[in-house]
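**Student:** Sequence:
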Amino acid sequence: MSRLRKAGLGLGGLGLVLALAWALWPEPASVDLATVARAPMKVTISAEGITRVREPYAITAPITGTTTRSPVQVGDDVERGETVVAVIRPAEPALMDARSRLQAEAGVTEAEASVRLAEANVVRAESDLAHAENELARTRVLAERGTVPQRMVEDMEQAHVTARQALLAARSELDLHRASLARMQAQLLGPDAVQMPENGAESCCVRIVAPQTGTVLDVADPSARLVQAGAPLLSIGNIEDLEIELDLLSADAVRVPVGAPAEVERWGGDTVLQARVRRIEPAAFTRVSALGIEEQRVRLKLELLTLADERVGLGDRFRVHVRLILWEGDDILQLPQAALFRHDGGWAVFRVEDGRAVLTPVQIGRQSGGEVELLDGLDEGARVVMYPASTLDDGARVVERQG
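Numbering (my numbering), first residue to last: 31 to 433.
These are calculated hints, taken from the structure and not from any lab test.
Do not rely on the hints blindly, as some may be mistaken.
Restraint-style ranges between C-beta atoms, simulated for each label pair [to be verified]:
1. Glu-358 / Pro-58: 37 to 45 Å
2. Arg-110 / Glu-358: 39 to 47 Å
3. Glu-333 / Asp-300: 16 to 24 Å
4. Asp-62 / Gly-359: 48 to 56 Å
5. Gln-180 / Glu-140: 47 to 55 Å
Think of the CB as a built atom: it goes at the ideal place given N, C-alpha and C, for glycine as much as any other residue.
Using the sequences plus the hints, can you model the full thing?
**Tutor:** As structure tokens, then:
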């Protein structure tokens, strides 16, 4: 065999080996990559909240009676001390049964007799006073003539004073019995017997005016109805003075300080409203979740900082989405949380260098919205593998997935 032929066979065998090696050589793994970068970062707690008017005025019935149809409706503006918001007619006397009526009639008869007796006593007291005045005048004349002693004059003066006081007492007793008679007669009056005053409804009814300038938030019942004293009628508040009420798990509430800023989203407008935590209630309450788990929750109240002109349309008891800001930074080195995995009791990522995945331990800090604060291990601009597979090894060839 010639040298040329041997060389050709050698080259052919080498090519076959190279082709077989190329066919069996593992291809680079296609992966998603992300870049370590600096950007603003916020650590937040999200919760659903309800808007409420601060310091609403709840108006209740001052007396038991019948309210007329509500003169105001929900959404009406009212002026303090001017707008009539409710009118109540005092309760009418109840109907009496036969026994109660007989007792009331007997009471009237008794009161009438007492009045007649008191009138007779007044007549007698007037007569006694007139007699005492005549006796006093006659005794004074006789005393001037020296016919009777001065002591008798003093006795007549005393008798005159006693008679005058007796007349006053008799007249007072007459007034007392007349009032008793009027009270007993009033018990006999039924609903149809009550006469309206000359001024009509203006005088018969209690007219309640708005205690504060604002907007009617709620009317218990706009129809005329019987109400008891203390029954709620309506509520009034300043719709521009809103606060937000929400509740958090107690474990989250302890992380929120009073004065923490907050952002209000999904309230219906295009802008993000600014708010601040005003109060955190010191006592938690128990609430059963949708999964049937008892949770200890804490109620928070936030004041809206955005002016009313910038949140037009937002009213009382509207649902909003609130993000409570626990911490924020403007220039924070961060990477996606999806690039991290556990390694030797810590955290690590696969950094991509020259087409190969390099296992790199890292130290992380705060987490927010899928991003993690990077404290050590990588520099800005480094490329890391997202969602690393368990089969990816240190030094493996990788290529960025396209599309």
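**Student:** Hint by hint, note whether the structure agrees.
**Tutor:** Cross-check of the supplied hints:
1. The given range of 37 to 45 Å is respected by Glu-358 and Pro-58, whose C-beta atoms sit roughly 40 Å from each other.
2. Between Arg-110 and Glu-358 the beta carbons are some 42 Å apart, a value that agrees with the proposed interval 39 to 47 Å.
3. The hinted window of 16 to 24 Å between Glu-333 and Asp-300 holds, with their beta carbons roughly 22 Å apart.
4. The hinted window of 48 to 56 Å between Asp-62 and Gly-359 is violated, with their beta carbons roughly 26 Å apart.
5. About 49 Å separates the C-beta atoms of Gln-180 and Glu-140, a value consistent with the hinted range of 47 to 55 Å.
Of the numbered hints listed earlier, the single one contradicted by the structure is hint 4.
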